[in-house]
Amino acid sequence: MDSLNQGEFSFSNDTIKQDLSLLIQALDSSISGIILTDNQQPDNPIIYCNKSFERMTGYARHEIIGHNCRFLQKEDRNQKERLLLRKAVEDGAECVVEIRNYQKNGTLFWNELYMSPIKNEQGVVCYFIGVQNDITRRKKAEMELLHQQEIMESQIRQRTKSLKESEDYLSSIVQTVRESLVVLDPAFKVLSINDHFLKTFKVSKEETEGKLLYELGNGQWDIPKLKELLENILPTNNPVEEFEVEHDFPHIGKKLMLLNAHRIELEGQYKDRILIAIEDITDRREIERRKDDFLSIASHELKTPLTTIKGYVQIMQRLMPDSADDKFKDILRKTGIYVERLNSLIAELLDMSRIQTGNIELHKEEFDFDKAIHEAVENIQAATKTHRIIISGKATNNYAGDESHIVQVINNLLSNAVKYAPESNEVKVYLSRVSNFLKVAVTDAGMGIKIEDQKRIFDRFFRVGEIQQRFPGMGIGLYVCDQIIKNHGGTLWVESEPGKGSTFSFTLPLEERNTNER
Amino acid sequence: MSDKTILICDDDEGILDMLELVLEETGYRIVPVKNSLHIYDEIEKQNPDLILLDLWMPVLSGDQVLRTLRKNPDTRALPVIVISASREGERIANEAGANSFLAKPFDLEMLVNRVNEMIAA
Numbered sequence: 003m004d005s006l007n008q009g010e011f012s013f014s015n016d017t018i019k020q021d022l023s024l025l026i027q028a029l030d031s032s033i034s035g036i037i038l039t040d041n042q043q044p045d046n047p048i049i050y051c052n053k054s055f056e057r058m059t060g061y062a063r064h065e066i067i068g069h070n071c072r073f074l075q076k077e078d079r080n081q082k083e084r085l086l087l088r089k090a091v092e093d094g095a096e097c098v099v100e101i102r103n104y105q106k107n108g109t110l111f112w113n114e115l116y117m118s119p120i121k122n123e124q125g126v127v128c129y130f131i132g133v134q135n136d137i138t139r140r141k142k143a144e145m146e147l148l149h150q151q152e153i154m155e156s157q158i159r160q161r162t163k164s165l166k167e168s169e170d171y172l173s174s175i176v177q178t179v180r181e182s183l184v185v186l187d188p189a190f191k192v193l194s195i196n197d198h199f200l201k202t203f204k205v206s207k208e209e210t211e212g213k214l215l216y217e218l219g220n221g222q223w224d225i226p227k228l229k230e231l232l233e234n235i236l237p238t239n240n241p242v243e244e245f246e247v248e249h250d251f252p253h254i255g256k257k258l259m260l261l262n263a264h265r266i267e268l269e270g271q272y273k274d275r276i277l278i279a280i281e282d283i284t285d286r287r288e289i290e291r292r293k294d295d296f297l298s299i300a301s302h303e304l305k306t307p308l309t310t311i312k313g314y315v316q317i318m319q320r321l322m323p324d325s326a327d328d329k330f331k332d333i334l335r336k337t338g339i340y341v342e343r344l345n346s347l348i349a350e351l352l353d354m355s356r357i358q359t360g361n362i363e364l365h366k367e368e369f370d371f372d373k374a375i376h377e378a379v380e381n382i383q384a385a386t387k388t389h390r391i392i393i394s395g396k397a398t399n400n401y402a403g404d405e406s407h408i409v410q411v412i413n414n415l416l417s418n419a420v421k422y423a424p425e426s427n428e429v430k431v432y433l434s435r436v437s438n439f440l441k442v443a444v445t446d447a448g449m450g451i452k453i454e455d456q457k458r459i460f461d462r463f464f465r466v467g468e469i470q471q472r473f474p475g476m477g478i479g480l481y482v483c484d485q486i487i488k489n490h491g492g493t494l495w496v497e498s499e500p501g502k503g504s505t506f507s508f509t510l511p512l513e514e515r516n517t518n519e520r
Numbered sequence: 108m109s110d111k112t113i114l115i116c117d118d119d120e121g122i123l124d125m126l127e128l129v130l131e132e133t134g135y136r137i138v139p140v141k142n143s144l145h146i147y148d149e150i151e152k153q154n155p156d157l158i159l160l161d162l163w164m165p166v167l168s169g170d171q172v173l174r175t176l177r178k179n180p181d182t183r184a185l186p187v188i189v190i191s192a193s194r195e196g197e198r199i200a201n202e203a204g205a206n207s208f209l210a211k212p213f214d215l216e217m218l219v220n221r222v223n224e225m226i227a228a
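The listed protein sequences correspond, in order, to chains A and B. Okay, so the first sequence: first residue is 3 according to the working numbering, each after it adds one. Okay, so the second sequence: first residue is 108 according to the working numbering, each after it adds one.
No incorrect hints appear here.
Some but not every residue of chain A turned toward chain B, in silico, with C-beta under 7 angstroms:
| id | residue |
| --- | --- |
| 1 | K305 |
| 2 | Y314 |
| 3 | H365 |
No farther apart than 20 angstroms at their CA atoms in a straight line, the calculated lysine to any residue pairs in the SDA-like style are these:
| id | chain 1 | residue 1 | chain 2 | residue 2 |
| --- | --- | --- | --- | --- |
| 4 | A | K441 | A | N489 |
| 5 | A | K366 | B | E195 |
| 6 | B | K141 | A | T310 |
| 7 | A | K229 | A | Y216 |
| 8 | A | K373 | B | M217 |
Derived from the structure by calculation, the hints contain no laboratory data. Note that the structure is a prediction, hence the values are computed from the model and not measured. The beta carbon of each residue, even a glycine, is placed where N, CA and C say it ideally should be.
Produce the complete structure using the sequences and hints provided.
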C-alpha cells in the first residue's frame, strides 16, 4: 500500500484501478458500517455502503442505495438524536449520536453513528460519510447496569421502609407494654423512655430524655440502691433481674419497684447502653399484705371458738363415766379427732398463703437444735399411743434458724411417719452432723412410697392416690416442710421402698458462729 | 385443795367459761377478766399467783398488758402464761416477757400441767 501516504490517497494512473479495488476491499473488511450520502441530490440518498453495513442492517445493497438513512429507524421516529443529525446536515458539521436503528427483520440495534461532511474546494458540502458501529451489546450492558442500579435502589428503599416499619412496630410494642422502660447511655443519661414510664412517674418526655438519670426531677432518682445496681452490680453481673428498690418519691409517694437491668454487650452503636425495665409492685405487695393479714385474722378468729370446742370435748372425755356406752365413747373420740383436723387445716391454709406469696418470715435465732428436736419428739410421743419414737445421735446444740418452723417440719415428718405406718409400732429419728451440715432422718416401717410418687409428694396439693381415701387432708404438709428447709438453705428428700417403709431426711447448713446475726 | 388464784384474761367468753370450768375443777380460785382494760384493777384487788393472758384483744392487747406488768416492780415477777391463736404468738409473747406460751387450741392436760408447774415453782 505505498499509495497510502500520510493518511491521504495519492492516485496514479497506473495504479488507480488496483488501488480503488484494494480500497473497496479494505472498506468491506471493516467491522464498522460505512455509507456515503450525496448531499447534492434531493433527500440526501445513500450512494455507497460497505459489506459491514449490509451485515449490520440486514438489508441488501440494492435495498439501501438511493434511500435516505432514516429508513433504518422504521417507525421509531421521535428520537431526539434525529434533530442533532438534521442540524449537522444543515450546518454541514460533524456529529456523533447513539441512535436506535432496526434491522430488516425488525431487530433493534444501537447504532453509534459518526457523520462527517465532505466539502468541495468551494466549501460546499457535497457528501456525508457515515460510520456506524453496532453498540447494542455495550448499550445492553449499560442498560443492565442501570437496571441493576434501579433494582438495588428499590431494594434499599424497600429495606429502609421495612426497617422503619419494624422500628415503628417495635416502638409500638415498647409503648404498649405495661411496664416502665428506660434506656440509658453508659454515662447514665436518659436516651429514651416509654409512655408507661411517663404515666407511672407523672413526668413529661421533655423533662426526662437527654437528662442524667440521677438529676431527674430534682434528684429524686438519686436512689442509693439504684446507684448500687447500676454502678456496682450491673458491671459484673449482667443482666440483673428482679432487683427490688423502694423509694419515696416527692409527688407520687412511696413506690416499690422490681427492676430488670441489662447492659448491651453486643459490639456496635448500642454497646454499653443500659436498658431498665421497672415494674411497679407497690399495689401488688399491698394486696399480698392485706391477703396475709386477712388470713391471719381469719385463722385467729376460727381458732378461738375451736379452742373452746376442743376444751369441752376434752372435758367431756374426762367426765365420761366408765359405764358409758361404747358407741358414745367412740363418738366423742372421733369428735376430738375432727376438731384436731380442723385445727391443722386452718394452720395449713395460713402457711400455704404465706409460702405462695413468698412472705414466710424467718425469725433466725440461735437455739439448742437437739433439745428442740427432743422436745418435739416428746410432745408427739405424748399424743401417740400406737408407736414408739426412738431418737438417737447428736447434731448440734447451737443452730441459727427459725425454731418454730424447724419444729413444724419435724412434727410434720413424725406425724406422717405415725399416720402412714399403721401396721408398725416404731419410728426412728436420727440426728447427725455431715461435713458442715446437720442432718435429721425420720424412718418409718410403713407402706412406703412408689418411686414415681417420690418426687411429687413435695408438690403443692399432691396426695398419693390410695392415701387420699384413707387419710384425708389438704396435702400441703410436705410442700410446706420442703419450703421451710429450702428457706434455711437445706434440702429435704425421701428414700423409700413400697411395703418396707420410708426415710425422710433433711440437712441444714451450719454457719460459722461469727457470721451469725443475733 | 389450794388457795392459789389464777387470773384469766381473754376477750372470748367461750374460752373464759371453758377455762374457768377446767381450772376450778383443779381447785384453784379463778378470776375471769373479759375486758383487758380492767386487768390492772383486778390484779391489784385479787393479787393472783398466775395469769393466763390472751394476746389479740380489743383496745389493750395482751403484749401491751404484759410489758406494763414487767415494768411495774410489784408485778415484774408475776408468772404469765400467754395463750394465743396468733401465728406469731410465741415470738410476741417471748419478746413481751412471758414465762410460757401455749398455742390455741391447746390440749387441756398440757395446760393444766403447765399451770401446776408454774404455780409450784
